[in-house]
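For the record, the sequence lines run as chains V and E. Here the first sequence is numbered in the numbering used here, starting from 33 and rising by one per residue. Here the second sequence is numbered in the numbering used here, starting from 33 and rising by one per residue.
Certain hints may be false.
If chains are identical, the list can't say which one is meant, so a pair holds when it fits in one copy or spans any two.
[What the hints assert, rightly or not] Here are the simulated lysine-lysine pairs, PhoX-like style, with alpha carbons at most 25 Å apart:
#1 K114 <-> K205
#2 K107 <-> K89
#3 K84 <-> K191
#4 K179 <-> K145
#5 K205 <-> K107
#6 K191 <-> K114
#7 K145 <-> K107
#8 K218 <-> K114
#9 K145 <-> K73
#10 K99 <-> K84
These are computed hints drawn from the structure, not numbers from a lab. These numbers come from a predicted model, not from an experiment.
There are 2 protein chains.
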Amino acid sequence: MNVFNLRVGILKLTSKIKLIGFDLDDCLFDSTGLSERARLKGIDAMLNLGLKVERNKAIEMIKEIVKEYGSNSSKHYNFFIKRLNQLESEIELSFNEQYKYIAAAVMAYHEEKIKSIQLFDDVEPTLIKIKDLNIKTAIITDGIPIKQYEKILRLGLDKYIDLVVISDEIGVKKPNPRLFDYCLKKFGLNGQEMVYIGDRIDKDIIPALLNNIYSVFIHRGGKYDTYKTGNKIPKETKPDYEITSLSEVLEIIEEINSE
Amino acid sequence: MNVFNLRVGILKLTSKIKLIGFDLDDCLFDSTGLSERARLKGIDAMLNLGLKVERNKAIEMIKEIVKEYGSNSSKHYNFFIKRLNQLESEIELSFNEQYKYIAAAVMAYHEEKIKSIQLFDDVEPTLIKIKDLNIKTAIITDGIPIKQYEKILRLGLDKYIDLVVISDEIGVKKPNPRLFDYCLKKFGLNGQEMVYIGDRIDKDIIPALLNNIYSVFIHRGGKYDTYKTGNKIPKETKPDYEITSLSEVLEIIEEINSE
Numbered sequence: 033m034n035v036f037n038l039r040v041g042i043l044k045l046t047s048k049i050k051l052i053g054f055d056l057d058d059c060l061f062d063s064t065g066l067s068e069r070a071r072l073k074g075i076d077a078m079l080n081l082g083l084k085v086e087r088n089k090a091i092e093m094i095k096e097i098v099k100e101y102g103s104n105s106s107k108h109y110n111f112f113i114k115r116l117n118q119l120e121s122e123i124e125l126s127f128n129e130q131y132k133y134i135a136a137a138v139m140a141y142h143e144e145k146i147k148s149i150q151l152f153d154d155v156e157p158t159l160i161k162i163k164d165l166n167i168k169t170a171i172i173t174d175g176i177p178i179k180q181y182e183k184i185l186r187l188g189l190d191k192y193i194d195l196v197v198i199s200d201e202i203g204v205k206k207p208n209p210r211l212f213d214y215c216l217k218k219f220g221l222n223g224q225e226m227v228y229i230g231d232r233i234d235k236d237i238i239p240a241l242l243n244n245i246y247s248v249f250i251h252r253g254g255k256y257d258t259y260k261t262g263n264k265i266p267k268e269t270k271p272d273y274e275i276t277s278l279s280e281v282l283e284i285i286e287e288i289n290s291e
Numbered sequence: 033m034n035v036f037n038l039r040v041g042i043l044k045l046t047s048k049i050k051l052i053g054f055d056l057d058d059c060l061f062d063s064t065g066l067s068e069r070a071r072l073k074g075i076d077a078m079l080n081l082g083l084k085v086e087r088n089k090a091i092e093m094i095k096e097i098v099k100e101y102g103s104n105s106s107k108h109y110n111f112f113i114k115r116l117n118q119l120e121s122e123i124e125l126s127f128n129e130q131y132k133y134i135a136a137a138v139m140a141y142h143e144e145k146i147k148s149i150q151l152f153d154d155v156e157p158t159l160i161k162i163k164d165l166n167i168k169t170a171i172i173t174d175g176i177p178i179k180q181y182e183k184i185l186r187l188g189l190d191k192y193i194d195l196v197v198i199s200d201e202i203g204v205k206k207p208n209p210r211l212f213d214y215c216l217k218k219f220g221l222n223g224q225e226m227v228y229i230g231d232r233i234d235k236d237i238i239p240a241l242l243n244n245i246y247s248v249f250i251h252r253g254g255k256y257d258t259y260k261t262g263n264k265i266p267k268e269t270k271p272d273y274e275i276t277s278l279s280e281v282l283e284i285i286e287e288i289n290s291e
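Whole structure, please, built from the sequences with the hints as guidance.
In structure tokens, the structure reads:
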């Protein structure tokens, strides 16, 4: 047994941390960036099909709509076309044209989402090392189960993750701490044996803290990243750790183990 | 001007038929076949992911579900997995496994639908000839506008069709004859100046007959094809013509013109 294996062996026996939980979107893959790129592909598909609107103006419009209706609405392009038709006096689209443009945009959007989804570079190496340490893994995420599982399968995460907890599956939504408690119970662990990593203070850090789980805020440049929003993290919801690369979680485990 | 061009020239001037209407699914492309192939791809995706069920049994189950819930339900695989889990005593899937299989099936289903959609071989040549004759074209179809337009764009039909009428767009559904009347009015025509081609007696032939439109039943081997169902066409709803290839519509126009 060489030194490396010896060390892994010791960690396996002594690690206080038995489980690492991850948020999915903007933690394991660039969800915000992917959606933004896909939305632009949708705009470009409409322009290529002959829609008469200035590209920059169209981009501003779709951003506004995403802000107003939320990023999970399935009707962004419907609202886009409706706005264009009602608010812009020089544009008058028939019903047919409206549906044609919306269909083209939705097709291009989904094509991009399927084609370009990929893990952050640091995810796979880190998950392999975590497996080597004999530490279990879970994804705890909000969202429509079938959509979230589609992402997990497309990202090839299935083989690395021991348990997936999707809030709509058990009828409890983040930041309800019972979602995290459910996950702990599944493995028969207490909070101090788990680390949870996410990109949102409200939905990831707070429920972890409430379950006495080691909380890690990851800065990925997504829409809730405090480095980007400029929001200060209130003292009472401060995560135990802040990181910018997932690989740093290995050091955190070492630190906790040596406490 | 050669003989062919001369003939086209005369037709342009004298054609009684000014408009040809088409149904979309199972008239211009093999909708039934495509859905069946896609459904099998979904089944195979679940089996490849490790679902323990005999393939032939799975195929029979999904067929049963499609029959019971209709071919347009978006929940076929949900029902499939639920049935498997509740009815088969040897199978017990966790929530996670259920969603994983459903997601995998839906992904494979859509991939096949996008990849394999194509016009019947006789459609493009016939549409080109119709355009040469200076006859207008319309698609009149039931269905969700954005889904139907997606098919039209993927099939490359957009450049050949002058008007698309999708029932949910104007709030009138087949077999309501007003859908066909709406189309006639759009072109300022009466029924005897139009031919309509579809694969269903109830939804295509009857409303055409009620509008005094020349009705053509096309046998494409889809789920409503009377050659396949064995159903007899009642005398009072007999279409004016029955064809097996779309190109035959050109002969029909010649026949009507020479009446």
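Going through the hints against the structure:
1. K114 <-> K205: between (32 Å within a copy, 23 Å between copies)
2. K107 <-> K89: within (19 Å within a copy, 38 Å between copies)
3. K84 <-> K191: Between. Shortest inter-copy distance 18 Å satisfies the 25 Å Cα cut-off; intra-copy 47 Å does not.
4. K179 <-> K145: both (12 Å within a copy, 18 Å between copies)
5. K205 <-> K107: Answer is both; intra-copy 23 Å and inter-copy 23 Å each pass.
6. K191 <-> K114: Only across copies: K191 and K114 sit 24 Å apart there, 43 Å inside one copy, limit 25 Å.
7. K145 <-> K107: both (16 Å within a copy, 22 Å between copies)
8. K218 <-> K114: Cα proximity of K218 and K114: across copies only (23 Å, versus 47 Å in one copy).
9. K145 <-> K73: both (10 Å within a copy, 21 Å between copies)
10. K99 <-> K84: Within one copy, since 23 Å is at most 25 Å while 44 Å is not.
Of the numbered hints listed earlier, not one is contradicted by the structure.
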